[in-house]
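One line per chain: the protein sequences are A and B, in this order. The first sequence begins at 1 in the numbering used here and counts up one residue at a time. The second sequence begins at 1 in the numbering used here and counts up one residue at a time.
It should be emphasised that the hints constitute simulated quantities derived from the structure, not laboratory data. Because the structure is a prediction, the values reported are computed rather than measured. Warning: the hint list may mix true and false statements.
Claimed, not checked - Quick partial rundown of chain B residues pointing at chain A, CB under 8 Å, derived from the structure:
no., residue
1, 90
2, 106
3, 149
4, 265
5, 266
6, 271
7, 272
8, 273
9, 274
10, 275
11, 294
Said to hold, decoys possible - Here are the computed distance ranges between Cβ atoms for each label pair:
no., chain 1, residue 1, chain 2, residue 2, range
12, A, 161, B, 113, 50 to 56 Å
13, A, 71, B, 191, 44 to 50 Å
14, B, 360, A, 71, 32 to 38 Å
15, A, 19, B, 354, 48 to 54 Å
16, B, 191, A, 159, 39 to 45 Å
17, A, 182, B, 199, 50 to 56 Å
18, A, 159, B, 211, 53 to 59 Å
19, B, 278, A, 178, 53 to 59 Å
20, A, 170, B, 276, 27 to 33 Å
21, B, 118, A, 206, 55 to 61 Å
22, B, 199, A, 239, 52 to 58 Å
23, B, 364, A, 19, 58 to 64 Å
C-beta: ideal position from N, C-alpha, C; glycine also.
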Amino acid sequence: MSEESIISLKNVNKWFGDFHVLQDVNLEVKKKERIVVCGPSGSGKSTMIRCINRLEEHQEGSIVVDGIELTGNLKNIDNVRKEVGMVFQQFNLFPHLSVKENITLAPIWVKKMPKAEAEELAMRQLEIVKIPEQANKYPGQLSGGQQQRVAIARSLAMNPNIMLFDEPTSALDPEMIKEVLDVMVDLANGGMTMIVVTHEMGFAKTVADRMVFMDEGKIVEEASPDKFFNNPESDRTKLFLSQILHQ
Amino acid sequence: MNEVRKPPVATTGIIGWLRINLFFNWTNSLITLFVIYCLYQFIPWILDWTIFSADFKYNYLGEQITNQEMCSRNLDPENGGACWAVIYVRFYQFIYGFYPKVEVWRVNVAYVMLALALLPLLYAKLPYRKYFLYFTYIFPVIAYFLLNGGLGFTEVSTNKWGGLLVTLVLGCTGIALAFPIGIMLALGRRSKLPVISMMCTLFIEFIRGVPLITLLFFGMVMLPLFLPEGIDMDGLVRVLVAVTLFQSAYMAEVIRGGLQAIPPGQYEAAKSLGMSYWRMNLLIILPQAIRISIPPIVNTSIGLFKDTTLVIIVGILDLLGIGRGTLADTNWLGLSYEIYFFVSLVFFIFTFGMSRYSLYLEKKLKTGINMGAD
Chain A
1 MSEESIISLK
11 NVNKWFGDFH
21 VLQDVNLEVK
31 KKERIVVCGP
41 SGSGKSTMIR
51 CINRLEEHQE
61 GSIVVDGIEL
71 TGNLKNIDNV
81 RKEVGMVFQQ
91 FNLFPHLSVK
101 ENITLAPIWV
111 KKMPKAEAEE
121 LAMRQLEIVK
131 IPEQANKYPG
141 QLSGGQQQRV
151 AIARSLAMNP
161 NIMLFDEPTS
171 ALDPEMIKEV
181 LDVMVDLANG
191 GMTMIVVTHE
201 MGFAKTVADR
211 MVFMDEGKIV
221 EEASPDKFFN
231 NPESDRTKLF
241 LSQILHQ
Chain B
1 MNEVRKPPVA
11 TTGIIGWLRI
21 NLFFNWTNSL
31 ITLFVIYCLY
41 QFIPWILDWT
51 IFSADFKYNY
61 LGEQITNQEM
71 CSRNLDPENG
81 GACWAVIYVR
91 FYQFIYGFYP
101 KVEVWRVNVA
111 YVMLALALLP
121 LLYAKLPYRK
131 YFLYFTYIFP
141 VIAYFLLNGG
151 LGFTEVSTNK
161 WGGLLVTLVL
171 GCTGIALAFP
181 IGIMLALGRR
191 SKLPVISMMC
201 TLFIEFIRGV
211 PLITLLFFGM
221 VMLPLFLPEG
231 IDMDGLVRVL
241 VAVTLFQSAY
251 MAEVIRGGLQ
261 AIPPGQYEAA
271 KSLGMSYWRM
281 NLLIILPQAI
291 RISIPPIVNT
301 SIGLFKDTTL
311 VIIVGILDLL
321 GIGRGTLADT
331 NWLGLSYEIY
341 FFVSLVFFIF
351 TFGMSRYSLY
361 LEKKLKTGIN
371 MGAD
């Protein structure tokens, strides 16, 4: 199984001070697999995916992404980050740059792409997220949903093999959630390997190949969406689902 | 039913403005009237003293003024205001110090070039701005050879420099050099590498904890001791080193303030796109941090520009130094009002210019950008 894994976490442990935030986390993700991670806040799900592109450092265990092990080696970290795109809860667009510049910046400076080519690429990505008309605006002039779609386009412009989503719709007004989820569904259907931390259970049911439920730093349950929603094994999962589905 | 109602007349236009700002209630009205009375007393008097009754080149008898006894106000205390003739006679020294007259065209060329070098910074829409900017970058080198000599120019020792020339050289060089050094220090202080962060912190805290005068003495007296034997450092350069170190410590703290205002998400987004430390800082973090810090950056720069007057204590005659020298001249004894007024005016023109420039920058950089989360 591990040969075809594109992401492999083995016995990963991490502490914030004395707080044991990840406890022996094991996760294997295959190419083109779509994983949805859920769990109560503080369960370590964001920390786990942030370890995958080394925004957080794990202290024990091993994380291998596309054959590259994440260690203190800066070259490895750079290589992994080129493979892995990330979308954040707070969008984190660069406010001093226009939408187009936000997208072209990394291709031009990290991939050394010529400017004209990068701009063409940016426009293509904006078509994909359905807001090409906003190219010359600044992030502050866009709605939350539009900003998040620009953030997705910005990540995609680096042509990653893997996309990480850290609660991409949690900071959005309800009527904007759908436009972002639609883009993510398109992406999933296009065959992207994705790990999505979200509470959007509708989205999870539509696209997830596998559900991962975390609580108190551990992976409590891993199952297909069908089994996860209809016949979960652990009581903790049942409790969580009853709370999240009946609110 | 849906008629468009106009706002009440008395809240718009000039009358509305007056009512809201000057005569809002009776205390407000009283203060307004009091201020108008004070201005009525002061403005005619200051205009009369500085312009209408003042001597410029000739006194009221029509003679050309060559010393203070010939000033109208000294001939006839009842009659006459400021005696600007002192400025007129000593103008050369105020602007160039003791720079040799035959070579003074070089200073004039440098002044004009300075204005040209500032142009692309002042007007973003300048045609051919790119080429003007190249000129701005090489201007310091040109200015060095022009003013100091070399490359076929006769050498003019810096102890002959003075007046506005010294003030501008110290102010411009100090501000221009302290900016990049300050950025490096600020990044260094926030570095995760303990050695770098500790060294930068020590440097900043040491320089900030010492008065500029002490640093100037240090530069004058101690710096030569640290240099290898046989290398003699120019007096003005020693002062420049002291001024630049002083300013870069302050600049570092100002920029660090801006850096701290950048949300961690910006770093994370840059890293997740595969950017290296330097790219992340140069392209994402610093442009935002510097934008936030424009008001305090200009504030410390104005502070430095005025602090350059302290060089008088190590024997360098800047604009104020020339003024004080003139006052010590028996020919011009007692004209301190005129001289200090003139020196203040020159400083005010430069510092006010900087302050307006910062406002313009803030406005320009804000257009279309909403830095907050609405």
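Q | Cut-off 8 Å, beta-carbon criterion: hint that residue 272 of chain B touches chain A | A | At 4 Å from the nearest chain A Cβ, residue 272 of chain B passes the 8 Å test, so the hint holds.
Q: Would you settle whether the hint for residue 271 of chain B is holds or violated, based on the nearest Cβ-Cβ distance to chain A being less than 8 Å?
A: holds (6 Å)
Q. Has the hinted range 39 to 45 Å been met by the Cβ atoms of residue 191 of chain B and residue 159 of chain A?
A. About 32 Å separates the Cβ atoms of residue 191 of chain B and residue 159 of chain A, which means 39 to 45 Å is violated.
Q: Return the status of the interface hint for residue 266 of chain B: holds when the least beta-carbon distance to chain A is below 8 Å, violated otherwise.
A: Where the cut-off is 8 Å and the nearest Cβ of chain A is about 6 Å from residue 266 of chain B, the hint holds.
(Q) Verify the CB-CB distance for residue 360 of chain B and residue 71 of chain A against the hinted window 32 to 38 Å. (A) violated (49 Å)
(Q) Less than 8 Å between beta-carbons is the criterion; does residue 265 of chain B satisfy it with respect to chain A? (A) holds (4 Å)
Q.
Quick check on residue 273 of chain B please, does its C-beta sit within 8 Å of some C-beta on chain A?
A. holds (4 Å)
**Q.** Outcome of range test on Cβ distance (residue 159 of chain A, residue 211 of chain B; 53 to 59 Å)
**A.** holds (57 Å)
Q: Double-check residue 274 of chain B for me: the hint is only fine if its C-beta lies closer than 8 Å to a C-beta in chain A.
A: holds (4 Å)
**Q.** Outcome for the supplied range 27 to 33 Å, where the beta carbon pair is residue 170 of chain A and residue 276 of chain B
**A.** With a Cβ separation near 30 Å, residue 170 of chain A and residue 276 of chain B satisfy 27 to 33 Å, so the hint holds.
Q: For residue 199 of chain B and residue 239 of chain A, compare the CB-CB distance with the range 52 to 58 Å and indicate the outcome.
A: Holds, since residue 199 of chain B and residue 239 of chain A (Cβ atoms, about 54 Å apart) stay within the stated range.
Q: Return the status of the interface hint for residue 90 of chain B: holds when the least beta-carbon distance to chain A is below 8 Å, violated otherwise.
A: Since the shortest Cβ distance to chain A is 48 Å, the answer is violated.
This entry does not satisfy hints 1, 2, 3, 11, 13, 14, 16, 19, 23, going by the numbered hints stated previously.
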